[in-house]
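Q: Sequence:
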Amino acid sequence: MRAKMMLGLVVVAGLVTGACGKKKPEKEGAVVKGIPTKLTVKVLETGKGAKRQLRYKYTAGAKQAMIMDMRMAMSLNLGSRRVPEIRMPAIKFHMAMSVSKVHASGNMDMAFEVTQLEVVSRAGVRPSMLSQMRRQLKALEGFKGSMTMSPRGEPTNVKMVVPPGVPAQVRQTMENFQQQMHQIMPPLPTEAVGVGAKWTAKMPITSPAFKAGQEATFELMALHDASAEIKVSLRQWAPPQKMNPPNLPPTASAKLKKLESKGKGSFRAFFTKPVVHASMSMDMDMSMHIK
12 MRAKMMLGLV VVAGLVTGAC GKKKPEKEGA VVKGIPTKLT VKVLETGKGA KRQLRYKYTA
72 GAKQAMIMDM RMAMSLNLGS RRVPEIRMPA IKFHMAMSVS KVHASGNMDM AFEVTQLEVV
132 SRAGVRPSML SQMRRQLKAL EGFKGSMTMS PRGEPTNVKM VVPPGVPAQV RQTMENFQQQ
192 MHQIMPPLPT EAVGVGAKWT AKMPITSPAF KAGQEATFEL MALHDASAEI KVSLRQWAPP
252 QKMNPPNLPP TASAKLKKLE SKGKGSFRAF FTKPVVHASM SMDMDMSMHI K
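For what it's worth, our numbering labels the leading residue of the sequence shown as 12, then goes sequentially.
Treat the hints with caution; some may be incorrect.
[Claimed, not checked] Think about it this way: if two alpha-carbon atoms lie no more than 27 Å apart in a straight line, the pair counts; the simulated BS3-like pairs of lysine-lysine are:
(1) Lys74 x Lys149
(2) Lys62 x Lys170
(3) Lys44 x Lys213
(4) Lys68 x Lys268
(5) Lys302 x Lys269
(6) Lys269 x Lys68
(7) Lys170 x Lys112
(8) Lys275 x Lys242
(9) Lys268 x Lys44
(10) Lys155 x Lys273
(11) Lys49 x Lys242
(12) Lys44 x Lys74
(13) Lys222 x Lys284
(14) Lys49 x Lys302
[Stated by the list, open to error] Restraint-style ranges between C-beta atoms, simulated for each label pair:
(15) Val206 x Lys302: 30 to 36 Å
(16) Lys302 x Gly176: 42 to 48 Å
(17) Arg66 x Ser290: 20 to 26 Å
Hints are computed from structural coordinates only; laboratory data are not their basis. Remember, it's a predicted structure, so these values are computed and weren't measured experimentally. Think of the CB as a built atom: it goes at the ideal place given N, C-alpha and C, for glycine as much as any other residue.
Given only the sequences and the hints, what does the whole structure look like? Please build it.
A: Right, dumping it as structure tokens:
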């Protein structure tokens, strides 16, 4: 099975500036005003016809292969200077997912491993950026992690084993990838719902560079015995704040002035196996000041 996602925002945010330096990150768990502090799900409409509670219910020992296909184009303002649109190569994470244990509560302990990583060129990508990212990200192949997921798709205890000697830029990409694992499955509502149901999910997005928020609106388009087809629209935002890109010179400072991102797509979520089919496109507008 394949899961194709076109996700943006924090995956490659640390790759857009220059030479590497050491900056102290924001205090872990620091709150940024206007950003959600946890995942919250709210039903807007329960839908029509027969209704049922949607839950993930995997079997211990279940294994699945999937691909996370991450793509983005970014508009960037540096102070008063508008930088031409930055097109990043597509990053394809080939992953193996497995369920190691199912608890009495229904929570599932899961393991994942990056079995292959491809950096694929596309129109508008500079050859120098392509070769640099291929060289840096090659170190991520074989990286492993684990997490616990609730029957409603709420992940906790997301952990990674980062190979030793990984460069700062690559380490940030891995930390951003860890954030993406918090969004691997669409979160499901508590209430029983039917076709046409709508619900929102608000959650924080945390990267070493900055903190942002995300609000997604889901609509249940079709409901099958073991899967659901879901349409999604989302927005991501970040208020002005200090930034800590890992590749910023030690004598420089950076401030995020604005970040706005909008996207839409569709999911097919499977309730009995750890995989999701998805297609997602996003546009991001970001303004920052470096001095």
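Q: Would you mind marking each hint as holding or not holding in the structure?
A: Going through the hints against the structure:
1. Lys74 x Lys149: holds (24 Å)
2. Lys62 x Lys170: violated (35 Å)
3. Lys44 x Lys213: holds (14 Å)
4. Lys68 x Lys268: Roughly 42 Å between the alpha carbons, so the hint for lysine 68 and lysine 268 is violated.
5. Lys302 x Lys269: Distance of about 16 Å is within 27 Å: holds.
6. Lys269 x Lys68: Violated: lysine 269 and lysine 68 sit about 40 Å apart, past 27 Å.
7. Lys170 x Lys112: Holds, because 16 Å separates the two Cα atoms, which is no more than 27 Å.
8. Lys275 x Lys242: This hinted pair holds, its Cα atoms lying about 8 Å apart.
9. Lys268 x Lys44: Within the cut-off at roughly 14 Å; holds.
10. Lys155 x Lys273: violated (30 Å)
11. Lys49 x Lys242: Within the cut-off at roughly 22 Å; holds.
12. Lys44 x Lys74: At roughly 40 Å apart (the allowed maximum being 27 Å), lysine 74 and lysine 44 break the hint.
13. Lys222 x Lys284: Between lysine 222 and lysine 284 the Cα gap is close to 32 Å, so the pair fails against 27 Å, i.e. violated.
14. Lys49 x Lys302: violated (33 Å)
15. Val206 x Lys302: 30 to 36 Å: violated (53 Å)
16. Lys302 x Gly176: 42 to 48 Å: violated (32 Å)
17. Arg66 x Ser290: 20 to 26 Å: holds (24 Å)
When the structure is compared with the earlier hints, violations turn up for hints 2, 4, 6, 10, 12, 13, 14, 15 and 16 and for no others.
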